Amino acid sequence: MSVQDDLETVEWDVSEDAHITVDNEQCITCEDKPCLHLCPAECFDYQEDQEGGIYFAYEPCVECGACMVFCANDPDKGAVSWSKAEGGKGVEFDFG
Amino acid sequence: MTDVSFDVVVVGAGRAGVAAAYKLADEGFEVALVERAKQPGMKNVTGGVLYGSILDDLVPEFPEEAPLERHVVEHNIKLLHGDAEVSIGYRDLELREEPNYTLMLGKFDRWFVDRAVDQGVTFLSETAVRDVTQEESRAVVHTDREDGDIACDVVIGADGVNTTVGRKTGIQRTMRNEDMALSVKKVIDVGRETIDQRFNLDSDEGAAYIYTGFPEGAPTIGYFIYTFDEYISVGAVGGLETLRWLGDEGYGETGTPLYSLLEDFMELDTVRPYVQGDAVEEYQGILVPEHSYDTLPDRQDRRVALVGDAAGLVLNKGYTFRGLDYGIKSGLVAAEAAVKCAEDGDWDAFGRRYDTSLEDSYVLQDMKQHRHLPKFLKNERMYDAYPGIATETLRGMYSAETDASGLTWRQAYRAFRRSDAGFLDLLKDGYRGLRSL
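Protein chains in written order, with full-length UniProt numbering: chain A, 1 to 96; chain B, 1 to 437.
Honestly, the hints are just simulated from the structure, not real lab data. The model shown is predicted, which means the values in this text are computed figures rather than measured ones. Glycine included, C-beta positions come from ideal geometry on N, C-alpha and C. Fair warning: there could be bad hints in the mix.
Said to hold, decoys possible - Here are some chain B residues the structure puts well away from chain A; computed CB gaps all over 10 Å:
| no. | residue |
| --- | --- |
| 1 | Asp7 |
| 2 | Arg36 |
| 3 | Asp56 |
| 4 | Thr127 |
| 5 | Ala128 |
| 6 | Val161 |
| 7 | Asn200 |
| 8 | Gly252 |
| 9 | Pro257 |
| 10 | Trp347 |
| 11 | Lys378 |
| 12 | Ala390 |
| 13 | Thr408 |
| 14 | Arg418 |
| 15 | Leu427 |
To be verified - Looking from chain A toward chain B, a few residues come up when the C-beta cut is under 7 Å (computed):
| no. | residue |
| --- | --- |
| 16 | His19 |
| 17 | Gly65 |
| 18 | Phe70 |
| 19 | Asn73 |
| 20 | Gly87 |
| 21 | Gly96 |
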């Protein structure tokens, strides 16, 4: 099992507007890129042709807030701009 | 101009927010309960047991009426060390007298909101709060609905660990890695009879398992297994700071994904028999506040009070997690503060009154008593040297193959000498442990 298989069990009503965005310019100087292993939904992917090496997709986000803490709130990083998904959109857990 | 107004707006329909709204409606207040999900519970995640006596006064009939999973009668703490596991199990029929249950929030929160609506609460779903402002004699909750501003006397921010209310009002300080743990969890379909057999339970009885010591020496990393009616949940928790540097799987050659740790944990020989199942039904992730009493963030400003996870009211006691009941209690305390303000009209005193009453409540008394525990649980020896000493001592007692011989206390002494822990460490840690538990 990989986390991608586990994510198959999750449902979303994906919004047209991204609730999280990434300013790739900030990723250029980020050496450890903790997003690549700390995001539990693998929303961040390393792709060499992307600026700073980061490709970000908001669609599979499970709305935990980790990237706000480890990136947006870190004065040395700050690539992530974070807000909650719009009302009625985003992840929809059945069990909780 | 805002046309819509209520006495109180509660932001977030988790248990803390619903308890507050329920109580206020019961007292005759006009209450709006604002929730961003389509249905209650859809955004909510827990990895805990509901210590339910907190609901005795508000909804005395809840054990019969609420959709609960299993009545928790057994707790287990398991220290992992290499191939070995040392466990302390506690099963007590007297626990049947206490209303402590495992829950699935999808069902429970929907039920709780329905009950609050019966009390007269106005429930507004699919509504995300974007800002909260305070004016001279009122507060305004700004939502993402068209013409979605709601005026009120006071606001209760029950919008979870990533609280918009707390951040937008500036009440909550900026959270950093040291403040937060990440948790991932899987819900697995196992079937009722298999759960009963596997965990040695009678049909409605439940068990909770807490694990530490894997990987060896990794502080703050823990795991849990809870039994539901027909499912089990198995999850991992780890401090963000630890996860950032632990291991070498990350881009910067440090760090490990928490879901990899959970996968590895579930493959351990001592764990696999409990967690194997037909299918993963759901995967979830959530942040868990990891404050000690001394580092708790602020939780009020004039007409705004933060409750539950939004106020960081969670305590990892090492042997159990408290948070579900702390949330409900803080919601009730906020409701009581609003009642007091309505009596004398001094709404500006709302936040202060809430804060003072919460300080006197068992929630903050409990966190105060355990104020040294979070630091104690960050001590690496707790995850390496001490489980190792326990394992080697027991191996000396029970294994016929080891070269250990002699009296048990001598084996324990030798195991201790072979470990990295010094006498001074043991004395210090023992003292700290006694002081914090």
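Hint-by-hint comparison with the structure:
no.: 1; hint: Asp7; in the structure: 22 Å, holds
no.: 2; hint: Arg36; in the structure: 5 Å, violated
no.: 3; hint: Asp56; in the structure: 23 Å, holds
no.: 4; hint: Thr127; in the structure: 5 Å, violated
no.: 5; hint: Ala128; in the structure: 4 Å, violated
no.: 6; hint: Val161; in the structure: 6 Å, violated
no.: 7; hint: Asn200; in the structure: 24 Å, holds
no.: 8; hint: Gly252; in the structure: 3 Å, violated
no.: 9; hint: Pro257; in the structure: 5 Å, violated
no.: 10; hint: Trp347; in the structure: 27 Å, holds
no.: 11; hint: Lys378; in the structure: 17 Å, holds
no.: 12; hint: Ala390; in the structure: 31 Å, holds
no.: 13; hint: Thr408; in the structure: 42 Å, holds
no.: 14; hint: Arg418; in the structure: 34 Å, holds
no.: 15; hint: Leu427; in the structure: 36 Å, holds
no.: 16; hint: His19; in the structure: 9 Å, violated
no.: 17; hint: Gly65; in the structure: 4 Å, holds
no.: 18; hint: Phe70; in the structure: 6 Å, holds
no.: 19; hint: Asn73; in the structure: 5 Å, holds
no.: 20; hint: Gly87; in the structure: 4 Å, holds
no.: 21; hint: Gly96; in the structure: 3 Å, holds
Consistency with the previously given hints fails for numbers 2, 4, 5, 6, 8, 9, 16, ordered from lowest to highest.
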